[in-house]
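Peer 1: Okay, here's what each chain looks like letter by letter:
Protein chains: 2
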Amino acid sequence: MIVQGYNPRTGEPIGEPVTETTDSEVDGVVTAAAAAFEAWSTTPAADRAVVLEAVADALDAESELLVATADGETALGVPRLTTELKRTTNQLRLFGEVLREGSYVEATIDSPDPDTVPPRPDLRRVLRPLGTVAVFSASNFPFAFSVAGGDTASALAAGCAVVVKAHSAHPGTSRETARVVTAALAAAGAPEGLFGIVHGVQAGVALVRHPRVRAVGFTGSTGGGRALFDIAQGRPDPIPFYGELGSVNPAVVLPDAAAARPEEIATAFAQSLTMGVGQFCTNPGLLFAPEALVEPLGAAVAASHGGTMLNERMCDSYRSGTDALAAGDLVTEVSTGDRPADGWSVAPRLFTVPLAVFADNVEKLTEEHFGPAALVVTYDDPADLLAVLPKLPGTLTGTVHSDPTEHPLAGQVAEVLRRVAGRLVFNGWPTGVAVAWGMHHGGPWPSTTNPLHTSVGSTSIRRWIAPVTYQSWPDGLLPAELKDGNPLGIPRRVDGVLGTH
Amino acid sequence: MIVQGYNPRTGEPIGEPVTETTDSEVDGVVTAAAAAFEAWSTTPAADRAVVLEAVADALDAESELLVATADGETALGVPRLTTELKRTTNQLRLFGEVLREGSYVEATIDSPDPDTVPPRPDLRRVLRPLGTVAVFSASNFPFAFSVAGGDTASALAAGCAVVVKAHSAHPGTSRETARVVTAALAAAGAPEGLFGIVHGVQAGVALVRHPRVRAVGFTGSTGGGRALFDIAQGRPDPIPFYGELGSVNPAVVLPDAAAARPEEIATAFAQSLTMGVGQFCTNPGLLFAPEALVEPLGAAVAASHGGTMLNERMCDSYRSGTDALAAGDLVTEVSTGDRPADGWSVAPRLFTVPLAVFADNVEKLTEEHFGPAALVVTYDDPADLLAVLPKLPGTLTGTVHSDPTEHPLAGQVAEVLRRVAGRLVFNGWPTGVAVAWGMHHGGPWPSTTNPLHTSVGSTSIRRWIAPVTYQSWPDGLLPAELKDGNPLGIPRRVDGVLGTH
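Listed in order, the protein sequences are those of chains C and U.
The UniProt record's numbering puts the first residue of the first sequence at 1, with every later residue one more than the last.
The UniProt record's numbering puts the first residue of the second sequence at 1, with every later residue one more than the last.
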């Protein structure tokens, strides 16, 4: 069996096909990764930082080839893919910074206290890597959420070994990226086998079932993610499964904002909706707005451009999903943008529905149509809106557009949205996810499988590390992070107080 | 249907039976808790601290009644139960300290940077409570891991509402504790319904299935925990399930330590093994030692005392489990301690097996026999030991006894044990779990359902809180923890740097 890439602009095969990885080959890759973990997990964090930076530099050096390969397989365009690769290498460098700063291990020291109940011995807690991690690539980010993306970067930073399941939509990009990563790791002195890649659906299943795999990162559809989640949780020894699944990303336009700047909001909305042909997990697919905003929104979408989708399945699914919505009697179609004539291309589509109808059909009307489609839910009274928002499914983001006159109402909306969303955007749009210490790219089910974790930003490293507490150990046998005198100079908590002691 | 407590010393019913909670009553309790969550989750942390301390004081004030009730239902004895209640109230007070210190919300602020790739807006991240939490009480800790125990304390501290599923072995203690907690919460001004309690197996299942329950804490058997874990993960919207299940707690005695202080080690081991009739999740059930230590270990166990177990099922299970072990041909019985003549009482039992036989039967010989039974695995060459230890199942603790002469070997053992254990004890015993910032009471499956989390210590609060990032919000609408100027004076990370800014 083979995995063949296709040119979405023509529907024709592109590049050499990749052979699917057999179960016994998967076992070999995982076994090698698990062996490499032994050395990598005890490599000092500062040395791991140097290796990550070497991988970043190597990817940057091959940017032209990688971007061209990815553009051929995804049609995302050279400018976007160049930026995405830069984002990917900056992400590797951010983890270098995280490793040098050192607080990610949460070094914690408690002095003995024989007089408390129960008595307290000398306790020293630190986070250590879990083992070999499986990473499932996404179709829509061939770099940033794929072979060398955030899951791989954070897991390698944590001290874990990584085996990537390549996405079938960009096998050539995956193979080339893996080649660059493997060579850069070897040149930087990382243990052989630390990073591996497998291809094919069955290889992914074998990976999640493998006894040596200790955690899974996944970005993709709700259906695919749920199936793998169930396999991971159904193991004799369930393992952590961090999946980013579907997200509707509701945006709320408050009355004064809608009245004060209808054109500005409509134009920016259409831009966010159609960016990357709407193939973002943070695409704003659901807008709550006063009725008066429907006309400018419709005009903006009518003037917007569609494009070529990542693959045939997505294109078909978008077309049939939005056609069914249009043919149903729940919503009204407002307008349609244009689309390129050839290939797997689609047009932006805008629908509208009154709040009362939406409230009675939340499950049906929050089904994600991956691509540049959105539903405007019109409301009259913000109080009605506040009653409906808690019914929304878990989502990565929630957005509020507010004028200063209505800040108290914006605060009320935020209090409701923060129960269902992982990131709250004010007077902006949710697309564009910064890679930073304070980013949270997560949210309640089904936007992710675990609301405590993020797949973007510094704290994404925490998915791959777990605490160990050393009780009454001699200083000479402690990890460097926990030794007396703080030889690494990292932030630590000593007797409850944070500092660099 | 009713839940009836029994006196383990006589096998006779004790106290008034409690009626099992019906599904519709469970729904009522959860609905009230979810309503109370709205107010409690926005109560300032410092005010929640005062409430927790009021609950602690109220429990201390009723210590005599609570301890007497618990002793009647568990036979754990007044001294142990008095200490356990004190530990429980100190735990509530520790969370008061955690709330005032404030770093548990991980307030993080990133300044905008339009020039990075991708551009960074103003990002402010904070951890917020998940919602209503279900807590399953344990049989063996009627206070510290029950109605007002660690899960309840950490969840209330987090700002969550709590519904406890009482353990059937101590319904009277549960009812009395719930009465004190409910009254103290009301007197301290907490919202009505914030804390609830339900009884019966079916009520527990209904709780885990309830749509308004957002996370579960559990302490108990591997079988019961797995069943509830599967229900939680099988929901249409899976929720975090934090279970502490079974643990074998391996202890390794290195050759020089065994030679230098055989009597001391044997005596302390027997004491740890028989404490609380071996009914601790950290009971040292598996000891790796040189052959020469078997005789003093056998003598110490022969001189040790058994006692009355918590309930009939546990007593039967211990007797039949250890009888089957003794009757099999894998291990040899070394010695037996004495046992009280009446009630559900058992005797300590010590078995031994050579390392080679153990290595071929790890799964069978690491089955937990809850109670004062242990297996001594004898080894000749520490190198053989290092090869076998990685095969152990996940466990809460791993212990090493080492003389200074053999520290390098102790370090090698620790490197292996930290892959399977959450806490490493040096020259001590694992029973006695301090409540502290640096404690980790967790470990890989099956010792817990999630290796990242602890059910004891300050960081146990993290199970009930999840991140929300505010992007570009006006200062006036931000939570106090994230406002400019740090009005709460809590530790925060600003542009990557930890401090109080």
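Fair warning: there could be bad hints in the mix.
For identical chains, the list gives no copy identity; a pair is met inside one copy or between any two copies.
To be verified - In silico DMTMM-like links for lysine to aspartate or glutamate, alpha-carbon gap of 25 Å or less: (1) Lys-391 with Asp-60; (2) Lys-86 with Asp-115; (3) Lys-86 with Asp-329; (4) Lys-86 with Asp-113; (5) Lys-483 with Asp-60; (6) Lys-364 with Glu-101; (7) Lys-483 with Glu-20; (8) Lys-86 with Asp-122; (9) Lys-483 with Asp-342; (10) Lys-364 with Asp-403; (11) Lys-364 with Asp-237; (12) Lys-86 with Glu-64; (13) Lys-364 with Glu-62; (14) Lys-483 with Glu-263; (15) Lys-483 with Asp-323; (16) Lys-86 with Asp-380; (17) Lys-86 with Glu-97; (18) Lys-391 with Glu-64.
Source of the hints: derived by calculation from the structure; they are not laboratory data.
These numbers were taken from a predicted model, which means no experiment stands behind them.
Peer 1: Within a copy, between copies, both or neither: where do Lys-483 and Glu-20 come within 25 Å Cα-Cα?
Peer 2: neither (47 Å within a copy, 52 Å between copies)
Peer 1: For Lys-364 vs Glu-101, is the C-alpha pair at or below 25 Å within one copy, between two copies, both, or neither?
Peer 2: neither (46 Å within a copy, 45 Å between copies)
Peer 1: Checking an output row: Lys-86 and Asp-122, CA cutoff 25 Å. Within, between, both or neither?
Peer 2: Answer is between; shortest inter-copy Cα gap is 21 Å, intra-copy 45 Å.
Peer 1: Is it within a copy, between copies, both, or neither that the alpha carbon of Lys-86 lies no farther than 25 Å from that of Asp-115?
Peer 2: between (56 Å within a copy, 13 Å between copies)
Peer 1: Reference check for the pair Lys-364 and Glu-62, CA-CA at most 25 Å: within, between, both, or neither?
Peer 2: For Lys-364 and Glu-62, neither the intra-copy (45 Å) nor the inter-copy (53 Å) Cα distance is at most 25 Å.
Peer 1: How would you classify Lys-86 and Glu-97 at a CA-CA limit of 25 Å: within, between, both, or neither?
Peer 2: within (16 Å within a copy, 44 Å between copies)
Peer 1: First find the shortest C-alpha distance between Lys-391 and Glu-64 inside one copy, then the shortest across copies, and answer within, between, both or neither for a cut-off of 25 Å.
Peer 2: Result: close neither inside a copy nor across copies, 46 Å intra and 47 Å inter.
Peer 1: Up to 25 Å between alpha-carbons, please classify Lys-86 paired with Asp-380: within, between, both or neither.
Peer 2: neither (44 Å within a copy, 56 Å between copies)
Peer 1: Check Lys-86 against Asp-113 for me: Cα-Cα at most 25 Å, and say if that holds within a copy, between copies, both or neither.
Peer 2: For Lys-86 and Asp-113, only the inter-copy Cα distance (16 Å) is at most 25 Å; the intra-copy one is 51 Å.
Peer 1: One pair to classify: Lys-364 and Asp-403, alpha carbons no more than 25 Å apart. Within, between, both, or neither?
Peer 2: neither (31 Å within a copy, 67 Å between copies)
Peer 1: Can you give me the call for Lys-483 and Asp-60, within, between, both or neither, at a CA distance of at most 25 Å?
Peer 2: Neither: 38 Å inside a chain and 38 Å across chains, both beyond 25 Å.
Peer 1: State whether the alpha carbon distance between Lys-483 and Glu-263 is at most 25 Å within one copy, between copies, both, or neither.
Peer 2: neither (60 Å within a copy, 32 Å between copies)
Of the numbered hints given earlier, the model fails hints 1, 3, 5, 6, 7, 9, 10, 13, 14, 15, 16 and 18; all others are met.
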